[in-house]
Amino acid sequence: MIHRLLVAVVVASFGLVFASLVVGYTEQSSLRPLAESYVRLVPHELGAPNVITGILLTYRGFDTLGEVAVLFMVAASVGLVLGTRRARRSASAKDRPDETRSSSEVVRTAAEILVPLICIFAAYIIMNGHLSAGGGFQGGAVIASGVLLMLLAFPQYQPNLDFLSITESVAGAIFVLAGIAGLIMAGGFLDNRILPLGQFGAFFSAGAIPLLSVCLGIKVGCELSVILERFRPQKL
Amino acid sequence: MMELVGSIMVLLGAVFHFSAGLGMLRMPDAYTRMQAGTKASTLGNTLILLGLAIYHPGWGLKLLIIIFFVLMTNPISSHALARAAHGIRIPMAGQTGIDALRDARRKPGDSS
Chain A
1 MIHRLLVAVV VASFGLVFAS LVVGYTEQSS LRPLAESYVR LVPHELGAPN
51 VITGILLTYR GFDTLGEVAV LFMVAASVGL VLGTRRARRS ASAKDRPDET
101 RSSSEVVRTA AEILVPLICI FAAYIIMNGH LSAGGGFQGG AVIASGVLLM
151 LLAFPQYQPN LDFLSITESV AGAIFVLAGI AGLIMAGGFL DNRILPLGQF
201 GAFFSAGAIP LLSVCLGIKV GCELSVILER FRPQKL
Chain B
1 MMELVGSIMV LLGAVFHFSA GLGMLRMPDA YTRMQAGTKA STLGNTLILL
51 GLAIYHPGWG LKLLIIIFFV LMTNPISSHA LARAAHGIRI PMAGQTGIDA
101 LRDARRKPGD SS
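Chains as they are written, first to last, in my numbering: chain A, 1 to 236; chain B, 1 to 112.
Warning: the hint list may mix true and false statements.
[As the list claims (entries may be wrong)] Simulated restraints, written as ranges between beta carbons of each label pair:
| id | chain 1 | residue 1 | chain 2 | residue 2 | range |
| --- | --- | --- | --- | --- | --- |
| 1 | B | L11 | A | L80 | 48 to 58 Å |
| 2 | A | L161 | B | L61 | 53 to 63 Å |
| 3 | B | T32 | A | L152 | 52 to 62 Å |
| 4 | A | S30 | B | L11 | 45 to 55 Å |
| 5 | B | R102 | A | V9 | 43 to 53 Å |
| 6 | B | I88 | A | I184 | 54 to 64 Å |
In case anyone wonders, no lab produced these hints; they're calculated from the structure. Don't be surprised by glycine CBs; every beta carbon is placed ideally from N, CA and C.
Here chain B stands alone, though its shape is the one from the complex (with noise of 0.2 Å):
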């Protein structure tokens, strides 16, 4: 039973990974994709460990570190990226209407 649960969550982890990278050849701009990446990898990564755990009880602890590390370090490295292309204004997709940090960026009483 609980290698058939520990299985299921595996597939499902790997699931999320294959819309994760549909999402990296379909999306249309840099920002998109890496939203697309992040959390679609971020979760089947997370599925897949704990469904690892499930499997073999006896590395729970170890895994569930290396589930902390990725949940840490995943996200993170993402925002990184994704500031550093928009400091350097990679375009982003033509509908995009709302760009929260450059509204932030912007100093208060300039109106330009």
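Isolated chain A, as found in the complex (with noise of 0.2 Å):
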């Protein structure tokens, strides 16, 4: 009676604590300055219709660098975890009968299509990044989702762990190389002015701001992919 209490207790000063957020809430009809400068800004200098984007990727370039470098720092850490208690699991799991269940055949099945499925539209996601909603971050977690779906259906499915972080590196690689050129031939680190910005909404346009995306969207996807890869139970 009492546990009960209290929760309801909890539940009121929730409500009032959010009762006063909405009550107290008045919806901006103008756009803040350093917002409208944003706004103004983005699709002249830029030529990105995605202002968001345009921002993560230019003027906030060095910001997501940092966000990549922290995703990076946590597939490693994950895999220096998980790694040795892998190879303890291992040994022992030799000697022992094979328990998992293998997936239906419907799993398997749907598992075949809709793998392209989804990477047709991670794809997507990532090329159209600076045209409409998207980008590389949720590319790469949609390609992420991807390869959950083999490793659930496919129990033996193994992704190739080299040409992952291989193909991360070379993407962090590029991203780092085309702020720097940015450095040199335009305004500063990350600048997407490197490439010839094009027509205004065109599919090739933005300057070097598909790149980063593309770059960005292989790097996040490999790294989730390794991290999702070093959960997995381990059956050998």
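Take the two lone chains and join them into the complex the hints point to.
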């Protein structure tokens, strides 16, 4: 009874806190000065209809690079922590009978149909990052979801970790090199005007933003795939 | 007229979603809850997206692709979940009499 009363009090106080947020809310009808200058500058200076991606990959490209570095560190530490466990386990797994059930035919067939679709969708998201909602991080996460489906549907599927790590390093290196090229040939680190801006709203436009998006997408997809692969229970 | 038809279909889909939620609360065991959630929410999703496609004909192709995706993924993920639940022997409700998967798994000639 006291427990329930406590729960009710907690819920009511949460309700009060959020009610104060809702009551005091008035929708902003005009942009703040910073937002307004971004909205004005991005299509004009960068040639990208999607203001968010324009900001993320150029004005705050350095910040994005930091986020990717954080993700890379996560992948590396997951590999460090789970890699040792795996080595121990695989030694003892040899004399253990195989208990895992294979996935059913329905799941395998569906995975065969869905994985290409997921990959196409990921490529669409990445390549349209500068035009509409999307971008490298989101597309990379979608790629990783396809890899996760493969891992679930085909337990014996073994992604090539060396290939993934090499691809990821190359994508990261191209990202940084494009940034340095911006430093030399244009206005600053990760400036997108190293390539011609092209026609506003076209598929190949907005300078280096599509290239940076692709690098980001590949890098994020590879990193998340490696993390997922590390978390898989081992049966050898 | 098109807007009315689309709205009614969205409402119908919402009714199916409500029945899915009700089934999740009312069904006795994991398997029946799963099938309530899967069937009703798949139909509800399809109806809502179709209603939207009628309401906004310009979005039609994209919505059809989403419908295809939902039809592909929702039943199959529930199938995988139910099989996994069966595999770790989550108990069924008391009245359940037939277990076709167990009968199929049992090897021919094995009478136990």
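Hint check results:
At about 53 Å, the CB distance of B:L11 to A:L80 agrees with the hint of 48 to 58 Å. Restraint check, A:L161 to B:L61: a C-beta distance of roughly 38 Å breaks the suggested window 53 to 63 Å. In this structure the supplied range 52 to 62 Å is violated for B:T32 paired with A:L152, their Cβ-Cβ distance being about 24 Å. The hinted window of 45 to 55 Å between A:S30 and B:L11 is violated, with their beta carbons roughly 36 Å apart.
Restraint check, B:R102 to A:V9: a C-beta distance of roughly 48 Å satisfies the suggested window 43 to 53 Å. Distance hint check for B:I88 and A:I184: the Cβ-Cβ separation is about 59 Å, which falls inside the suggested range of 54 to 64 Å.
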